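A.B. asks: Sequence:
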Amino acid sequence: MLDSELKSKINSLRDKFWAGGISNPLTAIEQISYLIFMKRLEDLDTVNQKRAEARKEKYKSVFQGNSNCRWSHWKYFNAEDMLNHVKDVVFPFIKNLRNGSSVLYAENMKDSNFLIPKPSLLQEAVSIIDELNITSRNQDIQGDIYEYLLSMLNISGENGQFRTPRHIIRMMTELVNPKIGEKVCDPAAGTAGFLIASYEHILKENTSKDIVKYDEYGAPHNIVGDKIVDKKHWDLLRRHTFYGFDFESTMVRIATMNMILHGIEHPNIIRFDTLSKAFQQKSEYDVILANPPFAGSIDKSDIHDNFKLDTTKTELLFLELFYNLLNIGGRAAVIVPNGVLFGSSNAHIKIRKMILENCQLEAVISMPSGVFKPYSGVGTAVLVFTKGNKTDSVWFYELMSDGYSLDDKRDFIDGKGDIPDVVEKFKTKESSIKSITVPFEEIKKNNYNFSISQYKEIIHEEIKYDDPKKIIENVSKLEDDICKELDELKKMIK
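Take any residue in the sequence shown, count from 1 to its spot, add 1: that is its number in the numbering used here.
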C-alpha cells in the first residue's frame, strides 16, 4: 500500500528514464533494477555485518577489497564521474559477484549491460532511489515498490507474453493453496508474479487473522508469518520452495530482483527454455502456477523428446510439460487460451484427453476476453488439475467480471468481481447460475471439449404477449386520446 509520495517518486523515476532516452519499459525496469541492487547490496551487507557482530561471529564483507563499489562511496560524485565509475567499476563488480551469504545473482547477470547513457540521468536516478529509502521499509513496501515499477510494463512482449493481472494470480494461488514444505514452480516465470503470490499466500495462511490487512485491490498486507516459529521453515521458504524458469535473460534478472525485494533472498530463477531438449523434465514439483506464452511456436528439432504431442504450439506443449513436472498428487492452476478448450486438431484432443484420464481435472474457469486488455483481447480460461487420479467430473465456472472494466482502460470497479465467488464455490464445487458440474462420460462424448458453452443449459424465457383484441382496444383508446388533444389545440389556435 504505497502512499502518494512514494508513487510520485517512482513516477518521477520512470519519467526521468523516458526523458533520458530509455523509453522501452522493460529496459528501463532492468536498468533501475541494477541501481536498486547496488543500493540494497550495501544496506544488506551492513545488516549482515551487525548481525555477525552481535553473535560474535566472523564476517567477510562482500565489498572486501572493493570498498569503492559501495553506494555510499560514489553516490555524491559529480554526474560525469559517477557515470564513469558505475559503468567501469561498480557494474563489473556486481556482475562478477558469486552467490554467498548475501543476495547475489551473478549467474543471471552474465550477459547484462549497463545502458544508462547520460550522466544527468544516472545522477537523478540515484538521488530518487536514495530518497525511496527502500531497505528501511518493511517487506510489504519493498515488494510494492517493485510491483509498482513493474506496472510500467504496459506493452505485450514477444511470443505472446504479457504480464498477468495480480488479482487473477491471487485467485489461482488460492485455488491450489501452496503450503510450507511443498515445491512451487513456474516454468514460464516472467516477472515471477506467481511465485511471489505463492510466497505471500503461505505467509498469509501463517499470519494471525487480526494482523492481516487488505488493500482496495484485494492484496494482503502485513503478512508477517508470525505462526512460523521454526527457523528451518523460514530457510525452506526463502531458499528451497520457489523455482522459476524463463528463456529471456532480461526477464530472469527482473524476476530475480522482484523476488529479492519480496523477501526471498536466494531466488531459484534460472534462464532456460523449458520446452527444449536441454531442459531436464523431472517430476519434482508439488504445485505449478503459470501463464505460458500463447502465440509462440518452437523449432520442431529443438522440442524435448519426452513430449508425446506432435505439435509445435507452445500452449499445448506447456500443458504436457506441467503434467511431466508434477509429482503424483501435485496440483496445477494454469491459464490457457480458449482455443485449447475446444480445438479440433489431434494435438488439442490428445492433451485434453491426457489431462482428463491421467489427472483429476477439478475446474475449468472461463474468463472474459477483456481480462488481458490492453495487451490482448484473447479469451482465456484457468485449468485446475491434480496429477494422478482419473477425472470423475469437472466443475465449470463462467467468470463474468474480475472487478475491472473489460475495455482497454481496465478501470477499477471493485477489484474483485466474481473472484470471491469462484474461490468459495470451488471448495464444494457448488452449481449456480454461473457454474455447473459435468460428468467425465459426457465430456468424453463431446470430443473432450472443455468449453462451458457446450454443457451449460440455455434457458429461454417465455415472452407473454397480450391478447390481440386487448392490443387493438388499447390502440383505439390511444387514438381517441390523441384526437381529443388535437381538438383542444385547434380551439386554442382560434
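Hints are not guaranteed to be accurate.
[Said to hold, decoys possible] When the alpha-carbon atoms are kept at most 25 Å apart in a straight line, the in silico SDA-like pairs for lysine to any residue are as follows:
#1 61 - 111
#2 446 - 347
#3 233 - 266
#4 457 - 375
#5 354 - 469
#6 435 - 406
#7 428 - 412
#8 351 - 339
#9 283 - 387
#10 232 - 217
#11 301 - 274
#12 180 - 168
#13 446 - 406
#14 417 - 223
#15 76 - 88
#16 233 - 244
#17 184 - 222
#18 354 - 417
#19 435 - 396
#20 417 - 452
#21 88 - 180
[Claimed, not checked] Simulated restraints on C-beta separations:
#22 116 - 350: 44 to 54 Å
#23 230 - 55: 16 to 26 Å
#24 136 - 223: 13 to 23 Å
#25 12 - 440: 44 to 54 Å
#26 96 - 442: 36 to 46 Å
Derived from the structure by calculation, the hints contain no laboratory data. These numbers come from a predicted model, not from an experiment. Ideal placement from N, C-alpha and C gives every residue a C-beta, glycine not left out.
A.B. asks: Take the hints in turn and mark each one as holding or not.
C.D. replies: Evaluated hints:
At roughly 24 Å between alpha-carbon atoms, residue 61 and residue 111 fall within 25 Å of each other, so this suggested pair holds. Between residue 446 and residue 347, the direct Cα distance comes to roughly 16 Å. Compliance with the 25 Å bound is thereby established for this hinted pair. Using a Cα cut-off of 25 Å, the hinted pair residue 233 and residue 266 holds, with the two alpha carbons roughly 15 Å apart. Under the criterion of a C-alpha separation no larger than 25 Å, the hint pairing residue 457 with residue 375 is inconsistent with the structure, at around 29 Å.
At roughly 55 Å between alpha-carbon atoms, residue 354 and residue 469 are farther apart than 25 Å, so this suggested pair is violated. Taking the CA atoms of residue 435 and residue 406, the gap is about 19 Å. The hint holds against a cut of 25 Å. Of the supplied pair hints, the one linking residue 428 and residue 412 is violated, its CA atoms being roughly 30 Å apart against a limit of 25 Å. Note on residue 351 and residue 339: the hinted pairing holds, with a Cα-Cα distance of about 16 Å set against a maximum of 25 Å.
Our distance criterion of 25 Å between C-alpha atoms is met by residue 283 and residue 387, whose separation comes to about 17 Å. Between residue 232 and residue 217, the direct Cα distance comes to roughly 33 Å. Violation of the 25 Å bound is thereby established for this hinted pair. For a cut-off of 25 Å, the pair hint linking residue 301 to residue 274 stands: about 14 Å separates their Cα positions. Taking the CA atoms of residue 180 and residue 168, the gap is about 20 Å. The hint holds against a cut of 25 Å.
A C-alpha spacing of about 37 Å is found between residue 446 and residue 406, which places the hinted pair above 25 Å, so the restraint is violated. The straight-line distance between the Cα atoms of residue 417 and residue 223 is roughly 20 Å, inside the 25 Å bound, and the hint therefore holds. At roughly 13 Å between alpha-carbon atoms, residue 76 and residue 88 fall within 25 Å of each other, so this suggested pair holds. For the hint pairing residue 233 with residue 244, the CA-to-CA distance comes to about 18 Å; that is within 25 Å, so the pair holds.
A threshold of 25 Å between alpha carbons decides the hint, and for residue 184 with residue 222 the separation of about 23 Å falls inside it, so the pair holds. Simply put, residue 354 and residue 417 have alpha-carbon atoms about 33 Å apart, too far for the 25 Å limit, and the pair is violated. Between residue 435 and residue 396, the direct Cα distance comes to roughly 11 Å. Compliance with the 25 Å bound is thereby established for this hinted pair. The straight-line distance between the Cα atoms of residue 417 and residue 452 is roughly 23 Å, inside the 25 Å bound, and the hint therefore holds.
Restraint check for residue 88 and residue 180: the C-alpha separation of about 42 Å exceeds 25 Å, so the hint is violated. Checked against the given bound of 44 to 54 Å, the beta carbons of residue 116 and residue 350, roughly 47 Å apart, stay inside it. Range check, residue 230 to residue 55: about 21 Å between beta-carbon atoms, so the 16 to 26 Å window is met. About 18 Å separates the C-beta atoms of residue 136 and residue 223, a value consistent with the hinted range of 13 to 23 Å.
A C-beta distance of roughly 53 Å is found between residue 12 and residue 440, which places it inside the suggested range of 44 to 54 Å. Under the hint 36 to 46 Å, the C-beta atoms of residue 96 and residue 442, about 58 Å apart, miss the expected range.
Consistency note: the structure conflicts with the earlier hints numbered 4, 5, 7, 10, 13, 18, 21 and 26.
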